[in-house]
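Visitor: Got chain P sorted already, so can you dock chain W onto it with the hints?
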Amino acid sequence: DAKTTQPPSMDCAEGRAANLPCNHSTISGNEYVYWYRQIHSQGPQYIIHGLKNNETNEMASLIITEDRKSSTLILPHATLRDTAVYYCIVRADTGRRALTFGSGTRLQVQP
Amino acid sequence: DTEVTQTPKHLVMGMTNKKSLKCEQHMGHRAMYWYKQKAKKPPELMFVYSYEKLSINESVPSRFSPECPNSSLLNLHLHALQPEDSALYLCASSPNRVAKNIQYFGAGTRLSVL
Chain P
1 DAKTTQPPSM
11 DCAEGRAANL
21 PCNHSTISGN
31 EYVYWYRQIH
41 SQGPQYIIHG
51 LKNNETNEMA
61 SLIITEDRKS
71 STLILPHATL
81 RDTAVYYCIV
91 RADTGRRALT
101 FGSGTRLQVQ
111 P
Chain W
1001 DTEVTQTPKH
1011 LVMGMTNKKS
1021 LKCEQHMGHR
1031 AMYWYKQKAK
1041 KPPELMFVYS
1051 YEKLSINESV
1061 PSRFSPECPN
1071 SSLLNLHLHA
1081 LQPEDSALYL
1091 CASSPNRVAK
1101 NIQYFGAGTR
1111 LSVL
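One line per chain: the protein sequences are P and W, in this order.
Using our numbering, read the first sequence as starting at 1 and increasing by one per residue.
Using our numbering, read the second sequence as starting at 1001 and increasing by one per residue.
It should be emphasised that the hints constitute simulated quantities derived from the structure, not laboratory data.
A portion of the hints provided could be inaccurate.
[To be verified] Computed list of lysine-lysine pairs in DSSO-like fashion (alpha-carbon distance at most 30 Å, straight line): (1) P/Lys3 - W/Lys1040; (2) W/Lys1038 - P/Lys3; (3) W/Lys1040 - W/Lys1019; (4) P/Lys52 - P/Lys3; (5) P/Lys3 - W/Lys1053; (6) W/Lys1041 - P/Lys3; (7) W/Lys1038 - W/Lys1019; (8) W/Lys1100 - P/Lys52; (9) P/Lys69 - W/Lys1100; (10) W/Lys1100 - P/Lys3; (11) P/Lys69 - W/Lys1041; (12) P/Lys69 - W/Lys1040; (13) W/Lys1041 - W/Lys1053.
[What the hints assert, rightly or not] Partial selection, computed: residues in chain W whose CB lies under 10 Å from chain P: (14) His1026; (15) Val1048; (16) Ser1050; (17) Glu1058; (18) Leu1090; (19) Ala1107.
[Stated by the list, open to error] For the chain P half of the interface with chain W, some residues (derived, Cβ under 10 Å), not all of them: (20) Cys12; (21) Arg16; (22) Tyr87; (23) Gly104.
Note that the Cβ used here is the ideal one computed from N, Cα and C, for glycine as well.
Chain P with its partners taken away, still in its complex shape (with noise of 0.2 Å):
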């Protein structure tokens, strides 16, 4: 799977967007970006992948790059409970299903 490059931390204040990068310059043409998030002292969760049409569910939209070697997550309206560590994986659709989480951003939301 390819590496991803995020940056360690960010912040955001409440009720504005939050727009989480990702580097991800060595994808192959059938890897996938995820983004799970995990908060503090839970397990993560999934929150939106993607190929390389941009994606919108109920929790996130992720854009990703007509290169595809990067992309955004997307929060649209941070709240406090949105403050996690932030995983950008990129996974091939064969072969390992495991995840190899990199290190992630880690997000604080500020009232």
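Guide: Relative to the frame of chain P, chain W by itself:
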């Protein structure tokens, strides 16, 4: 129900003890996982079970012994652990397909080895 239940939530054990961690899911998932997470680090894969058979062992020491007695249960048997084994142990499950393999995690068992 998208819940993965892990028991106990906390466990303290001595280096000579034998204990077990339990994980349960009722989503019909046929793939189950154990991850280990040290403080301030990301989760690291330990084992993967597929259709109740061990499919991946990430070179985990034999003092950790996984068991999958049926499609809903996953155990991790612990024996003669070391203090450096203290960590959060996470269980996850997913449909046994590779495509769109979304994993659902339990809250973990926080293990302290004295």
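Visitor: Now tell me, hint by hint, if it's right for this structure.
Guide: Do the hints match the structure? See the list:
no.	hint	result
1	P/Lys3 - W/Lys1040	19 Å, holds
2	W/Lys1038 - P/Lys3	21 Å, holds
3	W/Lys1040 - W/Lys1019	25 Å, holds
4	P/Lys52 - P/Lys3	17 Å, holds
5	P/Lys3 - W/Lys1053	29 Å, holds
6	W/Lys1041 - P/Lys3	16 Å, holds
7	W/Lys1038 - W/Lys1019	19 Å, holds
8	W/Lys1100 - P/Lys52	14 Å, holds
9	P/Lys69 - W/Lys1100	20 Å, holds
10	W/Lys1100 - P/Lys3	19 Å, holds
11	P/Lys69 - W/Lys1041	25 Å, holds
12	P/Lys69 - W/Lys1040	27 Å, holds
13	W/Lys1041 - W/Lys1053	28 Å, holds
14	His1026	17 Å, violated
15	Val1048	5 Å, holds
16	Ser1050	8 Å, holds
17	Glu1058	8 Å, holds
18	Leu1090	5 Å, holds
19	Ala1107	5 Å, holds
20	Cys12	21 Å, violated
21	Arg16	26 Å, violated
22	Tyr87	7 Å, holds
23	Gly104	6 Å, holds
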